[in-house]
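Whole structure, please, built from the sequences with the hints as guidance.
In this note's numbering, the protein residues as written are 74 to 217.
Calculated directly from the structure, the hints in this document are not laboratory data. This one's a predicted model, so the numbers in the text were calculated from it and none came from an experiment. Certain hints may be false.
[Claimed, not checked] Quick list of in silico lysine-lysine cross-link-like pairs, DSSO-like style, CA-CA up to 27 Å:
1. Lys108 x Lys217
2. Lys80 x Lys128
3. Lys197 x Lys116
4. Lys190 x Lys112
5. Lys217 x Lys116
6. Lys197 x Lys207
7. Lys207 x Lys109
8. Lys144 x Lys155
[What the hints assert, rightly or not] Pairwise CB distance ranges, derived in the manner of DEER restraints:
9. Asn210 x Ser147: 43 to 53 Å
10. Asp176 x Lys116: 22 to 32 Å
11. Ile201 x Pro92: 17 to 27 Å
12. Asp192 x Ser119: 17 to 27 Å
13. Leu186 x Pro92: 32 to 42 Å
14. Val163 x Ile131: 17 to 27 Å
15. Val168 x Asp206: 18 to 28 Å
16. Leu186 x Lys155: 26 to 36 Å
For every residue, glycine included, the Cβ atom is placed at its ideal position computed from N, Cα and C.
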Amino acid sequence: MNLSQVKCNCHLYSEFVDPVVGHVITGNVNVVSNKKLRKLFKKGYSFIEPVYRNKHAIFKSIMNDLTSYIKKLSQKFSVSEKFFDGWKAVVLDKVKSKVFDLDICPKRKQAILDSEKNDLLTLKEHFIISSVDKASNNVSFTCK
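Rendered as structure tokens:
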């Protein structure tokens, strides 16, 4: 069987078909019709979506870690965990003001919404999406 006999969806992307092989093999992100997805693909494989930072979750995690640390110290030095209560209160008070004063919570913008998920699934059905060798930030689309 040669490449011209392979059943694929290249007819849906005719302007991106390579004339030599008769199938889509391109690094042109315009093959992605969804504008938001295309914008993400232009950012390449090295793009990482910013993570939403919840200040309350951060502070709670610090509290839990500090409690765990105090437990280990109390076991190591054979003293009551209550021995550390004053120190723990001072540390948490200082940490709380630092955590809640920092501007670490950018407004959450979800990169891919449900509508984009469907378009992405279609792309994944039609193409092998991979990085381009020696240009790892570039993306290539090859028909399946």
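*Hints not upheld, ascending by number*: Violated hints (numbers, rising): 2, 15 and 16; every other hint is consistent with the structure.
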